[in-house]
Amino acid sequence: MILKMLAFLVMLAASAAATNQDWHPAVDSVLLSQIRENSPADLMSVSNGAPVTYCEVNSTLNKPLIRNAFLMDHVTSMDRERTSGRTLHNQGSGAFGYFEVTHDISHICKAKLFDEIGKKTPVAIRFSPAANEKGAPELNRGARGFSVKFYTEEGNLDLPGLNMPMFFSKNPLKFREFVYALRKDPAVYLYNPMGLWDIIISNPEALNMFLLVFGDRGIPKTYRHMPGYNIHTLQVVNEKGENHFVRLHFTPDAGIKHLTSAEAQKVAATDPDFYTRDLYDAIEKGDYPSWTVSIQIASEADVQSHGWCLFDITRVLPINDFPKYPFAKIVLNRNPKNYFAEIEQLAFCPANLVNGILGAPDKVYEARRFAYADAQLYRLGPNFEKIPVNCPLHVTEYSDSYDEPVGSQATQNAGLLKIKEEEPYNLDQAAELYENEMTADERARLHKTVIAMLTPASSSVQQKVIELFTSVHPDLGNTIAQGLNAR
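Numbers -17 to -1, 1 to 470, taken from mature numbering (1 follows the signal peptide of the UniProt record, and there is no 0), label the letters of the sequence shown in order.
Hints in this document: simulated from the structure, not taken from any laboratory. Don't take every hint at face value.
[Claimed, not checked] Below, computed lysine to any residue pairings styled on SDA-like, alpha-carbon distance capped at 25 angstroms:
id	residue 1	residue 2
1	117	174
2	401	221
3	103	88
4	431	443
5	369	29
6	346	410
7	102	269
8	117	69
9	312	138
10	249	166
11	403	350
12	240	255
13	103	319
14	346	193
15	157	173
16	312	221
17	117	176
18	103	137
19	403	292
20	320	20
21	403	280
22	117	254
23	431	410
24	167	66
25	240	210
26	312	259
27	117	267
28	307	84
29	223	90
30	431	182
31	307	225
32	431	469
33	431	245
[To be verified] Label-pair ranges, simulated between beta-carbon atoms:
id	residue 1	residue 2	range
34	65	174	22 to 30 angstroms
35	31	438	55 to 63 angstroms
36	438	418	23 to 31 angstroms
37	374	269	26 to 34 angstroms
38	334	50	42 to 50 angstroms
39	350	374	24 to 32 angstroms
40	100	361	37 to 45 angstroms
Nothing here was measured: the structure is a model prediction, and the numbers come from that model. Ideal Cβ positions, reconstructed from N, Cα and C, are used throughout, including at glycine.
Please take these sequences and the hints and turn them into a complete structure.
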């Protein structure tokens, strides 16, 4: 019996060595270390840890392949090792670190990750070009994902966001056509910018976001210089049961910096994976990227006075009316040890909330709650939340005949505010962005980018786009029209 147990432990060690794990649920770490020390070095094994002979590894001549356990194990593993790609944000990179509270906001939100100055919570962040397929240059112009997972004592909190403070539409029915417009034309498998112009013409409210995309914000210098935004106005509650409505900002401490189109093309020609490499190298040498986390706060009285536009994700909350209050830091100090296991399988869902954070009352948020969970079920399988990088810090307890689990004693929240959404209108903010927030040089680069992207379009499409830009600001429309006529 002892010999059988030793044999089992040797095989277990071989299997663990094959996966390079430092932990196994069936064996404590000290015993596992001893087993590894006493195990043969460089032992080849199949996936269950069973050793294979030299003959099985090196030759298949004149033998039934179906009986070669090593070959069958390798082929079936290779055939199934890739997961389905994400619908958007398919290409990406990420890292791990911590969230640290620097200022008290417990009077706004009772979530425990905010309840003490100096408190640290582990986080994972994934950065991603929205439209890129895997293998595409990371420096392509476009919106980018900035998604944060907080591993809190109350469960995982997911904030999947963007590097833009607003979204292109407040109607979730428009999302599918937006996705298709960003993808390659299925007939010829080439990118067709006309699809994007059709979206903008049909949804003028998208201009508020695309002025940033076509401007300097469309190409960050690095992920370390890229801001992040949770585009929704979240409803949070404090211990007294008082509701507040907040938007979060993640501002890079290295400063918000960008590349011009010419600079990006030059970098991409020599290093298409520049963003991933820069992030990895910075963390590896101890130059840890960090962000200041700020919050904009609106009260129930503000909702009464400003109306439902506070929840319009195509608009920003005006800084003059709702100033930003810094309250935390995020520092990334660890690179993934296994990209596939820790970044590719990292899954975000807006429905992953903690006590004190109720979510957002707008329809896009409601649609995202379902869409993200459904996408993860398809991409990673029915138990995606059990993948280690997606697991909460505390596992679920199951009742038995001895100890009955105790339910949470948290106070039941009243529920999300019910809002009445109106037809989108944000051209006032687009005009403010163009006229007062962009410098003359930024406007000039915006004109150049739009003219270059619009040149291949038909004259009818060009005219519609010019009219749309003119409605934002006469100078914007006139300059683009002059640039197109000069070509």
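Violations among the numbered hints: none
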